[in-house]
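Visitor: The chain contents come next:
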Amino acid sequence: MPNHKGGSQWLNRRGYLSLAGSAGIAGLAGCLGDDDDTNDNGAGMALEWWNIWTGGAIHDVSEEIATAFTEDTGIEVEFGRFGLGDYRPQLRNALGTDVAPDTFFTWPGPDRMGREVAADQVISLEDRFDSSILDNISEPAKQRVRFEPDDQLSWGSEDGEIFGIPLTTPTIQWWYNRDVIDDAGIEEGRIHHAGDVGWDEFTDICEQIKEAGYTPIQIGNTAQWPAQLPFTDIMAKAGGGDLLKEIAFGEADAAFTDDNFVEAVSSFQELHEEEYINRDINALSNDDAISIFYDDGAAFFPMGSWVNSMIEGVKEEDEPGIPEKIDYMWAPFFPDLYDEGAEERFLMADYVHPVSQAAVDRGHEDSTIELVEYMCSEGLMEKFLEDGDQPISRPDLWDNVDQTPVHETVGESLNQAVEADNTYDPLDLTLLPAPVEVMYAGIQELFDGTPAEEMLQNLQDSVDESLEEV
Amino acid sequence: MSIHEKFVTLVQLRISKILTDSIRKKLRTVGFVGPATFFYIAFFVVPTVALFGLSLFRYSGIGEIEFVGLQHYQAFFGDTIAHRAIWHNLQIALISFIFNFFVALGLAFMVKKSYDRLRQFFQTALLLPMAMMPVAVAFAWMYLYNPSYGFFNATLEILPYIESQPIWLGDPSIALYAIIIVGIWQWIGFNTIIWLAGLTSVDESLIEAARIDGAGKIQTVRYVVLPQLKPIAIFVFIFTFIGSFRTFEYYWVMTRGGPAHATEVMVTWIYKSAFDQSMLGYAAMLSVLLFFITFILAIVNYKLGEKTGSQGAKL
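Top to bottom, those sequences are chains A and B.
Everything in the first sequence is counted per the working numbering, starting at 181 for the first residue and increasing by one.
Everything in the second sequence is counted per the working numbering, starting at -9 for the first residue and increasing by one.
With the rest of the complex left out, here is chain A:
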């Protein structure tokens, strides 16, 4: 065999290794080709369902529903699950690409669903979705998933189309610890499920609780969104939920810097100055706050009706929960600023599931719609309520469930909200992202002494700037 420089084995050893490596890489490249996805009804093709339910009862419910769907239709459902912090970046990166999920958990609002609608990443379900299901979803829930096509700011438009299905409609209340209230000598009957507690009356209650040695209001705001809930309440009670939305979208003559808002936010700030709100609000996590609240360290805990799952995480199985130990009142209102505030309630649409444009492109449109209809169908949607303790958006199905006291309490709050004169949404869903960041930081600054006027001016300036860029 010829002996070349580098050894006569050049081709025998190295050459063969090189050829083998190249062939291997070529083989791998060939294996990475996309599957041909042309099956129109999706039979035999898995549907991608993305959500944030990485554990707990709601995770189990989603698994159950997917399994039932597969058994009935033969269509596999694959989950993409991400923790809350990772979910939005992952979803944003995926939408518009061929790895976008067929259906996914999203939130209403101009920067969430609105952006997806405006970018044609989701399809209108008007005239596509089972009308018998759609007619039974509560009107406040449907209103919150309506957009006009291509218009990010047309959230809730009466001329809009439905772009997603909200599975739940949680409410946001000021939960109270019965034991602490009793020990502080507060008459519980006055605040029980009440929406007409005036601000002065509420601060008197807080003073009484403080004198009894408890923290009146416990909030853990390291994640920044928890304090935004009572802040939204304060702002809505100062001028009305509709006005908040109009200012956020630049449709009102009013501004967040108007006197009523300044006075309301100043009053909110005073709660911290008077030590009615825990001093360490900006350093306490939401989990720590609920522990302190449940362990009789505080009287009030502003949070959504999902608070039950939080309480389940801190109490023992045989310890009392909602409503034996924990019940709710609605946020106090300002009779001198906006007396109709007593008739407005805090409600949101949640667990919204649209159908992506990617599903249509893959030929999964019908099967994906079928999956979402499945989630909302009688016999299955009840599982979100019964096993997941979620306030489902179909009031007609509530009586199908053997309701626990928790369900009854949450159900009553939902009924009160639906029957109220008006409802409003969280400001961090209503505002565009830059003002949300300003609001989060501004609320933390309020508790550090920044004047309310300055905080609200920064917020309004950010709203104005962001609307110019839309």
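Derived by calculation from the structure, the hints in this document are not laboratory data.
Be a bit skeptical, because a hint or two may be false.
According to the in silico footprint, chain A covers these stretches of chain B (three or more CB under 8 Å from chain A) [what the hints assert, rightly or not]:
{"#": "1", "segment": "136 to 142"}
{"#": "2", "segment": "169 to 176"}
{"#": "3", "segment": "266 to 280"}
Virtual Cβ for every residue (Gly too), placed ideally from N, Cα, C.
Model the placement of chain B on the given structure of chain A, informed by the hints.
Guide: The following block gives chain B in isolation, referenced to the frame of chain A:
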């Protein structure tokens, strides 16, 4: 000769006609360097170039992508939060450098003076924090700083004459410094070991000569030891500054840049711009600026290393 052997011989003869020694040598070089170069280009050069490109566009992650030229760079001058973040990074760098220089050097002297077995123990103990993941370190310190049940406040509570405990991570005036301490705690051991390596390499004969000439300990350290540690000092300076500008985990896990941007650093602001505010182009611009800051620091390191002409630059 079998058919296979004839085939191989023919191929080898053909190849040997085409390949001269120099071409073969070049091919061998490419073969060894190629894979690493491929990964370097694919995972560093291409993304960096793409980052520069993205900084010229407005893009939210979905929908249309719009060319805006240098608009993001212009907007940076009005972005007070970004300015604040850079200022925080500078503070982190300066404070960390003071500890990584003076305190770490002092620890290195102490460790060097200790007995052999103790020295090994100290070397291991100093490196242990560095072995932990920064996220885990951040969570651990969060519990230490917890205002209700954290170790620090629980200790302060039992001390006399202390009326109220600080809210370490909730008070905008102290939160940044509370987190800086975490980074110093984790990395001071590493810097101590670096100084120790430098001290070990100092020429003992020069120290002996200084002693013979009547120099005191402080004079010896100042005029003999420290000049020989100059390359180490340069390394510590550059490593500290680059690390300070790239820091993220502590500030994200412990405070997410709050309260009210009091602990905002460049990388947390880049993250928020990209993923909370869906301004990918703007975030890319901030990343480009951060790239240039660290690039300039790397150039400074290189130039200083060239001047000293020793292993400082090679570190």
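Visitor: Each hint: holds or not?
Guide: Do the hints match the structure? See the list:
Counting residues of the segment 136 to 142 of chain B whose beta carbon lies closer than 8 Å to any beta carbon of chain A gives 3, which meets the minimum of three for the stated coverage. Against chain A, the segment 169 to 176 of chain B contributes 0 residues with a C-beta closer than 8 Å to a partner C-beta. That does not satisfy the three-residue criterion, and the hint is violated. Taking a C-beta to C-beta cut-off of 8 Å, the segment 266 to 280 of chain B contributes 4 residues in contact with chain A, enough for the three needed, and the coverage statement holds.
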